[in-house]
Amino acid sequence: RKEVEQDPGPFNVPEGATVAFNCTYSNSASQSFFWYRQDCRKEPKLLMSVYSSGNEDGRFTAQLNRASQYISLLIRDSKLSDSATYLCVVPTGDTGFQKLVFGTGTRLLVSP
Amino acid sequence: SQTIHQWPATLVQPVGSPLSLECTVEGTSNPNLYWYRQAAGRGLQLLFYSVGIGQISSEVPQNLSASRPQDRQFILSSKKLLLSDSGFYLCAWSYVFLLAGGSSYNEQFFGPGTRLTVL
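First to last, the sequence lines map onto chains A and B.
In terms of my numbering, the first sequence has 104 at position 104, counting the first letter as 1, and numbering is strictly consecutive.
Start counting at 1 in the second sequence, then tack on 1000, and there's your number in my numbering.
Hints in this document: simulated from the structure, not taken from any laboratory.
Cβ atoms here follow ideal geometry from the backbone N, Cα and C, with glycine treated the same way.
Treat the hints with care, since some could be wrong.
Said to hold, decoys possible - Some but not every residue of chain B turned toward chain A, in silico, with C-beta under 8 Å:
{"hint": "1", "residue": "Trp1007"}
{"hint": "2", "residue": "Pro1008"}
{"hint": "3", "residue": "Glu1022"}
{"hint": "4", "residue": "Ala1039"}
{"hint": "5", "residue": "Ala1040"}
{"hint": "6", "residue": "Leu1047"}
{"hint": "7", "residue": "Ile1053"}
{"hint": "8", "residue": "Ser1078"}
{"hint": "9", "residue": "Lys1079"}
{"hint": "10", "residue": "Gly1087"}
{"hint": "11", "residue": "Leu1090"}
{"hint": "12", "residue": "Tyr1095"}
{"hint": "13", "residue": "Asn1106"}
{"hint": "14", "residue": "Phe1110"}
Claimed, not checked - Just the calculated beta-carbon pair ranges, DEER-fashion:
{"hint": "15", "chain 1": "A", "residue 1": "Asn65", "chain 2": "B", "residue 2": "Ser1065", "range": "35 to 43 Å"}
{"hint": "16", "chain 1": "A", "residue 1": "Thr92", "chain 2": "B", "residue 2": "Gln1055", "range": "38 to 46 Å"}
{"hint": "17", "chain 1": "A", "residue 1": "Asn22", "chain 2": "B", "residue 2": "Ser1020", "range": "34 to 42 Å"}
{"hint": "18", "chain 1": "A", "residue 1": "Asn12", "chain 2": "B", "residue 2": "Gln1002", "range": "46 to 54 Å"}
{"hint": "19", "chain 1": "A", "residue 1": "Ser68", "chain 2": "B", "residue 2": "Gln1045", "range": "23 to 31 Å"}
{"hint": "20", "chain 1": "B", "residue 1": "Ser1058", "chain 2": "A", "residue 2": "Asn27", "range": "17 to 25 Å"}
{"hint": "21", "chain 1": "A", "residue 1": "Lys42", "chain 2": "B", "residue 2": "Ser1057", "range": "46 to 54 Å"}
Claimed, not checked - Not the full set, but computed from the structure, chain B residues with beta-carbon under 10 Å of chain A:
{"hint": "22", "residue": "Leu1082"}
{"hint": "23", "residue": "Ser1084"}
{"hint": "24", "residue": "Ser1086"}
{"hint": "25", "residue": "Phe1088"}
{"hint": "26", "residue": "Phe1109"}
{"hint": "27", "residue": "Gly1111"}
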């Protein structure tokens, strides 16, 4: 299994739809996880951190399933501005210093 | 609040020429610093990281080097660029949150990036 694996998409959804992405990871010792958003030709920006079973921020919900080693990101009521690539990120290494392993991203296209 | 700067924003260089990209962080002290490269249509690849002045760890053997001459300054260099060095170079900084139970998490924040084209 790759360290971090994502479906590249693209996911094409209409405005107002609910869409979910999954991400699987191989390191069962990982304790915290992140979702980043990257717009075309821009830097990644932190969207959500997940360090327990899940996290919710407005229309965005991240859930963690440690037994199956996957993280999901749910976006409700999609907006045109949600169109971007969503990167799943998993730390590796010990507690003192951790490196982040980035997935290759899932592309979302929201249409009118 | 913390900010991270990178320059230049774009760069076109001939093969064999030298390279110097600079990254500076404001509003924090003793951050962990990182250089990543993102090739067209690919994921982020960690190139170097630094936990303090003069401390550099390299992730992959390559044509590049990094230095950290000051606490909040991180420089990426090359003596002779190759075509394969083209890409989007991103600097990032982080601090580590320690959670109850000894676990930690490590949010990283990226600069605006430098888009390098080697011709």
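Do the hints match the structure? See the list:
1. Trp1007: 14 Å, violated
2. Pro1008: 15 Å, violated
3. Glu1022: 16 Å, violated
4. Ala1039: 11 Å, violated
5. Ala1040: 10 Å, violated
6. Leu1047: 11 Å, violated
7. Ile1053: Given a least distance of 16 Å, the restraint on Ile1053/B is violated.
8. Ser1078: This interface hint is violated because 21 Å lies over the 8 Å limit.
9. Lys1079: Violated, because the Cβ-Cβ distance from Lys1079/B to chain A comes to roughly 26 Å (cut-off 8 Å).
10. Gly1087: This interface hint is violated because 12 Å lies over the 8 Å limit.
11. Leu1090: 6 Å, holds
12. Tyr1095: Where the cut-off is 8 Å and the nearest Cβ of chain A is about 12 Å from Tyr1095/B, the hint is violated.
13. Asn1106: Constraint on Asn1106/B satisfied, holds at 5 Å.
14. Phe1110: It holds, given that the least Cβ distance between Phe1110/B and chain A is near 4 Å, below 8 Å.
15. Asn65/A - Ser1065/B: 35 to 43 Å: 41 Å, holds
16. Thr92/A - Gln1055/B: 38 to 46 Å: 19 Å, violated
17. Asn22/A - Ser1020/B: 34 to 42 Å: Holds, at about 41 Å.
18. Asn12/A - Gln1002/B: 46 to 54 Å: 36 Å, violated
19. Ser68/A - Gln1045/B: 23 to 31 Å: Holds - the Cβ-Cβ distance for Ser68/A and Gln1045/B, about 27 Å, lies within 23 to 31 Å.
20. Ser1058/B - Asn27/A: 17 to 25 Å: At 21 Å between Cβs, range holds.
21. Lys42/A - Ser1057/B: 46 to 54 Å: Given a distance of about 27 Å, which is not inside 46 to 54 Å, the answer is violated.
22. Leu1082: 23 Å, violated
23. Ser1084: 19 Å, violated
24. Ser1086: Violated: closest Cβ of chain A sits about 14 Å from Ser1086/B, beyond 10 Å.
25. Phe1088: 8 Å, holds
26. Phe1109: 7 Å, holds
27. Gly1111: Holds, because the Cβ-Cβ distance from Gly1111/B to chain A comes to roughly 6 Å (cut-off 10 Å).
Checked against the numbered hints listed earlier, the structure breaks hints 1, 2, 3, 4, 5, 6, 7, 8, 9, 10, 12, 16, 18, 21, 22, 23, 24; every other hint is satisfied.
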